[in-house]
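The sequence shown begins at 1 in full-length UniProt numbering and counts up one residue at a time.
In case anyone wonders, no lab produced these hints; they're calculated from the structure.
Just so it is clear, CB atoms sit at the ideal spot from N, CA and C, and this is done for glycine as well.
Among the hints, erroneous ones may be present.
As the list claims (entries may be wrong) - With beta-carbon atoms standing in for the labels, derived distance ranges: (1) A533 to A88: 54 to 60 Å; (2) K279 to G492: 46 to 52 Å; (3) S461 to G492: 16 to 22 Å.
Unchecked claim - Calculated cross-link-like contacts (lysine-lysine; reagent style DSS-like; alpha-carbon spacing at most 30 Å): (4) K51 to K41; (5) K41 to K279; (6) K598 to K284; (7) K89 to K41; (8) K288 to K51; (9) K89 to K288; (10) K598 to K279; (11) K89 to K51; (12) K288 to K472.
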Amino acid sequence: MRPFRALVSQNVEFYVSEQGNIRGPVRLEAVRREIGGGAMKNPLFRMEGCKRFLPGSAWDPLSDLFPAPSPPDRPEGSVAEALPRDLAKLEPQARDKLLWFVEDTDGVMGPVTGAFVVRGLMTGRIPISSGVSLVSVPGWIRGTAVFPAALEGATAIRKRPLSTFTCPYCLEPVMVGSTNCLMCGEFVGIAQPRLGLGRVVGLVVLGLVLVLAPLLGGALSVRGEGRGAGVEIPSANAAPSPGRSAAPASSASATTSAGSTPADPQANPPAEPAPAAPKRLEGKVAAKIDVAADAETAILLPQGHVAVARRVALDVVDPRSGVVMTSSREAQSARVIERVGGALYALGQTRIGALEPDTLRVLRWIEPRTQLLPGAAAASAGLAIFPSAVDRSVLVVGTEHHVEIARFRFGGAIPSAVALDAEGTWAVAAVADPRPRAYPDAIEVFAPRTPPSAQLVRHLSLVDPVSAVAVKSGFAFAALGSSRIARVPLEGKGLLAAPDLSRDTCTDPVFVRAAPRTLVVGCRVGRALSLHAPATLAQDTRLELGSPVTALEISPSGDQALVATGAPSPGVYVVDLATGEPIRVDVTDEVTNVRFGKDAGSATAFSARARRVWVLR
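Model the full assembly from the supplied sequences, consistent with the hints where possible.
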């Protein structure tokens, strides 16, 4: 959906008023070029469907070229029920591109586009009674008066749908049966097509072929082996033959004997090098890179370059000059890039590309034939897991050879958030039953190394919505919609026991990460970061950030957290997990996601709205 929106945005035309002179319509790219070149001095803009000229900061296509507006105070007393006369007949195409402040339960949210407000009113995320304020125009107005389309067809019996799940991209609620998120437009693919007769017959024939082909091939191979003259087939556990191992051994022996007698290692032991101090992120901006309009995400490569995933290619960008050094179309349409051990995994529409980090060359394709969501990895254990809301399964990938080794299903339940411990012993998935309700309210626990048919996948209902999960030291940690964090012991082969610990955390938690010495919880409504002790779940530190947490990642060394917050005061913070001290990074954009590099001394912050990548050191 994003390339379509970008194309529509380029076709926007504005009338420009500058020092009493009005001209237009002028195409958006020409307006942006003139503003960037300093050719316009204090201009005002309007478009078809809007009768008033407004500053550029009030228009979403131009807002990134002007300073961010300050939010107004919350409305006191009555709220106006109608727009001013010159704005009363706003056309939808103009109203949706204007920026608005919205009265939220915790204060003032924004600025956000009119399209965002409409979707929020339709889904119930924004209360019907909320007021809105147009950027640069003082005063609060009833939101439903400005956006009547949000209530079209609404009657007294229309209720907010309860069958929703969390969008894995923007974390907003999505109704079950929707194929795209209303808030961000991303494909989530929950809708399940009905099977016709032709499709059923085709699936049955395909199943018979998959079953009979290996049996026929095995029979033919056994018949061929019987004709051999006593050829012995070595097993996987058989010891190597003496003939094969003798040559290397004799060569090594000859090399040793040709030299002088080696010195006694006990007499002069080599000095052990002092362990290097782990690298830390200082929170300094090293580079700011403008990227293409179809960019989806960015990640640092080992040599210091930046990989930018676009809908049509993967670009390698030099952070010092911002020049695209090379572009690869092998793994195009990648929406997510995950670092797993020494490789990068590019998640596309229906397959995964294992990439060589230096050149972005595809080492191997993994073909799950379904869309996958961001997952979890245990690099030291050689495992990665990825949930699929479309296939209603969790895929287990062996990262040593980049192959699918198992696929777990949970009786039709929809998996969302997943977690994996560092040893690869336990995996946990938050699941939702789409029939009575569709928000994740249970967890499934399984051993990813063991085939699904050889183990009992354990299920535990937690009653409250499960927004995020983490696994550490034989325990699962779940962030619940009731603003609590619960700990569930995983040891034992029987049924899962109820949570042995449960503590309050910040309001509306959406992230939970397990660091070596602490649990990190990020919240949206609470606008805070909460640090908990894993042993007792006691809250050690609570950081009030003033805005909802939109992205969170723990450093590879485990002693720092990189946090991004959204409107009304977007920011990026580096948090020392030992002391709880935050450092605000000088990033001015509203960041979509943050990613550490291969070590903890570098990171990237990506802004989808500003189409910009910030490189941090």
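Structure-based check of all given hints:
1. A533 to A88: 54 to 60 Å: 56 Å, holds
2. K279 to G492: 46 to 52 Å: 39 Å, violated
3. S461 to G492: 16 to 22 Å: The hinted range 16 to 22 Å holds for S461 and G492, with Cβ atoms some 18 Å apart.
4. K51 to K41: Holds, because 21 Å separates the two Cα atoms, which is no more than 30 Å.
5. K41 to K279: Since the Cα atoms of K41 and K279 sit roughly 46 Å apart, the hinted pair is violated (cutoff 30 Å).
6. K598 to K284: 17 Å, holds
7. K89 to K41: 29 Å, holds
8. K288 to K51: 37 Å, violated
9. K89 to K288: 40 Å, violated
10. K598 to K279: OK: K598 and K279 at ~11 Å, within 30 Å.
11. K89 to K51: 8 Å, holds
12. K288 to K472: Roughly 36 Å separates the two Cα atoms, so the pair is violated.
Checked against the numbered hints given earlier, the structure breaks hints 2, 5, 8, 9, 12 and satisfies all the rest.
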